[in-house]
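A.B. asks: Both chains are sitting in their own frames, so use the hints and assemble them into the complex.
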Amino acid sequence: MAQRGVNDLGGLPGDEPVDREDHESHPFEKRVNALLRLLTHPRRKMMRVDELRRGIESLNETEYAKYSYYERWVESIRRIMLEKGVLDEAELNRKIEQVRARSTG
Amino acid sequence: MSDHGHTEHHPPEASPEFEIIETAMRELLIEKGVFSADDVNNQMEKDEQIRPENGARIVARFWSDPAFRERALADGKAAAAETGLDLNVAPDLVMLENTPQLQHVTVCTLCSCSPMFVIGPPPDWYKSTTYRKRVVRDPRGVLAEWNNVLPEDMEVRVVDVTTETRYLVIPLRPEGTEGWSEEELAKLVTRDSMFGVEQALRPGEAGR
Numbered sequence: 210m211a212q213r214g215v216n217d218l219g220g221l222p223g224d225e226p227v228d229r230e231d232h233e234s235h236p237f238e239k240r241v242n243a244l245l246r247l248l249t250h251p252r253r254k255m256m257r258v259d260e261l262r263r264g265i266e267s268l269n270e271t272e273y274a275k276y277s278y279y280e281r282w283v284e285s286i287r288r289i290m291l292e293k294g295v296l297d298e299a300e301l302n303r304k305i306e307q308v309r310a311r312s313t314g
Numbered sequence: 601m602s603d604h605g606h607t608e609h610h611p612p613e614a615s616p617e618f619e620i621i622e623t624a625m626r627e628l629l630i631e632k633g634v635f636s637a638d639d640v641n642n643q644m645e646k647d648e649q650i651r652p653e654n655g656a657r658i659v660a661r662f663w664s665d666p667a668f669r670e671r672a673l674a675d676g677k678a679a680a681a682e683t684g685l686d687l688n689v690a691p692d693l694v695m696l697e698n699t700p701q702l703q704h705v706t707v708c709t710l711c712s713c714s715p716m717f718v719i720g721p722p723p724d725w726y727k728s729t730t731y732r733k734r735v736v737r738d739p740r741g742v743l744a745e746w747n748n749v750l751p752e753d754m755e756v757r758v759v760d761v762t763t764e765t766r767y768l769v770i771p772l773r774p775e776g777t778e779g780w781s782e783e784e785l786a787k788l789v790t791r792d793s794m795f796g797v798e799q800a801l802r803p804g805e806a807g808r
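Keeping their order, the protein sequence lines are chains H and Z.
The numbering of the first sequence is my numbering, which starts it at 210 and goes up by one.
The numbering of the second sequence is my numbering, which starts it at 601 and goes up by one.
Isolated chain Z (complex conformation) (with noise of 0.2 Å):
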C-alpha cells in the first residue's frame, strides 16, 4: 500500500526543464503544422476572456429570469451559451441549484475537472490534495475554513467532476435583493461560491 501522505509545496512556475520541454514540443508541432504560432496567441487570448465574472452573470440569471432558470435546469450547457459563451468544444455543464435545504459542492477527487469553460481556470485550492482527500470526509468541516457554517439540518452534497461533465453551482440567492438588476445580482456571486465552498454576498459585502 502506498503513501499517499505527501502534500504540495511547489512553486507555481515551471522548473527551467519544464519550460524548455514544453517550448519545444510547442516549436516541433508548429513546424509539422498541427497549428501556427498565431493560434497559440489567439487561444490564449480566448482563454484570458473566461473568468469568474462569466459564472456569475449566469447565477444572476438564473435567479432573477424564471424560463431561464428553467432552461438551465433543463440543459445548463446551452443556457450557459445564450450568455455569450463559445461552449461548442466544452463538456457538459450542469448547474447544481442550492435551496435552504440543501447545499451542493464539487470536488474533483481524481483530478482538477471544473466548469473553466464558463469561469476559467480552477483556484489553487480546488487542485489541492487536501481539499480533495478532505471534501469526501468531511465537507462541513472544509465548508466551516471559508466561515460556511452550515445548520444541522441542511444537508450537503458532495458532487464528484468527471471529465464529462462539469458542475456549476448556483448558490442560494441572498436575502434583501427583490427587485434588483442582473448586474447588481452579479457581483455578490464570488468564484468560491460556484464551487458550493461559500455563499454568495450578502448586500453590503460586495465590492469589499
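Extracted from the complex, chain H is given alone in its bound form (with noise of 0.2 Å):
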C-alpha cells in the first residue's frame, strides 16, 4: 500500500466528536489570507494554490501537527518563493532579523 501523505485524513480511525466551535478570524490570518490571494492573481502569477497544496504536503508529520493552519501556509509560502528564487533566503533572513529587532526593540 503507498504510503498516505500527512494532510491525507479520509477515513482514518478517530472517534472523538467534531469541535464546533468557531472563532473570529485574527488580523494575521487575514494578511497571509491576501498575501496568498496576491500572490496567485492571474496578473502576478507568482504561485499557484496547488503549489501552497505542494507545500503545505511537504512539511513532515511533527511540523504538520505543530503549526496551526495558517502557519502551514506561511511556512508553504516561504519555500515556494524562495524555490522559484522570488526571494532570496539569505535576503529573507536579512530581512527577518530586522523585524525581529524591531518588534523586541
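By construction, these hints were calculated from the structure, which means they are not laboratory data.
Everything numeric in this text was worked out from a predicted model, so none of it was measured.
Quick reminder that beta carbons are idealized off the backbone N, C-alpha and C, glycines included.
Hints are not guaranteed to be accurate.
Pulled a few chain H residues facing chain Z out of the computed Cβ check, cut under 7 Å [said to hold, decoys possible]:
| # | residue |
| --- | --- |
| 1 | Leu218 |
| 2 | Gly219 |
| 3 | Gly223 |
| 4 | Glu225 |
| 5 | Val227 |
| 6 | Phe237 |
| 7 | Leu245 |
| 8 | Arg246 |
| 9 | Asp259 |
| 10 | Tyr278 |
| 11 | Glu280 |
| 12 | Lys293 |
| 13 | Leu296 |
| 14 | Ala299 |
| 15 | Val308 |
Straight-line alpha carbon distances no greater than 30 Å define the calculated BS3-like cross-link-like pairs of lysine-lysine that follow [what the hints assert, rightly or not]:
| # | chain 1 | residue 1 | chain 2 | residue 2 |
| --- | --- | --- | --- | --- |
| 16 | H | Lys293 | Z | Lys632 |
| 17 | Z | Lys787 | Z | Lys727 |
| 18 | Z | Lys632 | H | Lys304 |
| 19 | Z | Lys646 | H | Lys254 |
Derived list of chain H stretches under chain Z, where covered just means 3 residues or more per stretch with a C-beta under 8 Å from a C-beta of chain Z [stated by the list, open to error]:
| # | region |
| --- | --- |
| 20 | 248-256 |
| 21 | 281-290 |
C.D. replies: Below is the structure:
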C-alpha cells in the first residue's frame, strides 16, 4: 500500500466528536490569506494554490501537527518563494532579523 | 506506517515567529514591487466582504427562481456571479441540490478547500482533522452532532472537494415558506447548511 501523505486524513480512525466552536479571524490570518490571494492573482502568477498545497504536504508530520493552519500556509509560501527564486534565502533571513529587532526593540 | 493520531490544540493566533516571517516576506515583496501596501489593504477589505450571507442569497434565489436554478445547476459559478460576487479569479463552483431523498455533505479530506469565494473562509470545524477523518466514514454520525439525524432511507453523498472545483450545497427548502421573498428565505440559510452538515432553519427558527 502506498504511504499516505501527512495531510491525507479521509477515513482514518478516530471517534472524537467534531469541535464545532469557531473563532473570529485574527489579523494575522487575514494578512496571510491576502498574501496568498495577491501572489496567486492571474495578473501576477507568482504561485498557484496547488503549489501552496504541495508546500503544506511537504511538511513532515511533526511540523504538520505543530503548526496552526495559517502557520502552515506561511511556511509553504516561504518555501515556494525561495524555490522559485522570488525571494533569496539570505535576503529573507536578513529581513526576518530586522523585523525581529524592530518588534522586540 | 506513520501515526495520524495527533489532534489540533493550537490557538488561532500565530506564534511570534510566524508573524515575523509573514511580515518579512510581505515587506520584501512590496520592496520588490510584486505588489504594493495598498494592494494588501485592498485585498483584505475585499475578503472581509465575502460572508455566509452572500451564499445564503444564492440559495434563496435558487429556491425561488426556477430559471436561476436551471442556470445554477448548469454553471454554478456564472449563476453565483449574477448575485454580484466577483468570481473572475475563483475556481469552478458546482451547486449540489439536496432533495428529500438525498443529502450532500462536503469535505476536503486532503486540505481545506471550500466555497470561500462565495461564503468566506471556512469554519474551524471544517478544517479540523476529526471532521476530515470521520465524515467520509460515518457521515450520519457526524451530522447527528449538528442535531441533523437523517432518515434511514435517505441517501447521503459525501463529496470530497478539490482546489479546482468547489461545491455549494443547496439545502432543502423548509416547509411552510411558500410565497416568502428571497430576503426572508435567505435568513433561513445557515453557513453550515451550505456545507451540508445541517438543514436550513425552519420558519420561526430564524433570528435565534
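A.B. asks: Next step is simple, just say for each hint if it's right about the structure.
C.D. replies: Outcome of the hint check:
{"no.": "1", "hint": "Leu218", "result": "holds, 4 Å"}
{"no.": "2", "hint": "Gly219", "result": "holds, 3 Å"}
{"no.": "3", "hint": "Gly223", "result": "holds, 5 Å"}
{"no.": "4", "hint": "Glu225", "result": "holds, 5 Å"}
{"no.": "5", "hint": "Val227", "result": "holds, 5 Å"}
{"no.": "6", "hint": "Phe237", "result": "holds, 4 Å"}
{"no.": "7", "hint": "Leu245", "result": "violated, 10 Å"}
{"no.": "8", "hint": "Arg246", "result": "holds, 5 Å"}
{"no.": "9", "hint": "Asp259", "result": "holds, 6 Å"}
{"no.": "10", "hint": "Tyr278", "result": "holds, 6 Å"}
{"no.": "11", "hint": "Glu280", "result": "holds, 5 Å"}
{"no.": "12", "hint": "Lys293", "result": "violated, 11 Å"}
{"no.": "13", "hint": "Leu296", "result": "holds, 6 Å"}
{"no.": "14", "hint": "Ala299", "result": "violated, 12 Å"}
{"no.": "15", "hint": "Val308", "result": "holds, 5 Å"}
{"no.": "16", "hint": "H:Lys293 x Z:Lys632", "result": "holds, 15 Å"}
{"no.": "17", "hint": "Z:Lys787 x Z:Lys727", "result": "holds, 25 Å"}
{"no.": "18", "hint": "Z:Lys632 x H:Lys304", "result": "holds, 13 Å"}
{"no.": "19", "hint": "Z:Lys646 x H:Lys254", "result": "holds, 19 Å"}
{"no.": "20", "hint": "248-256", "result": "holds (count 6)"}
{"no.": "21", "hint": "281-290", "result": "holds (count 5)"}
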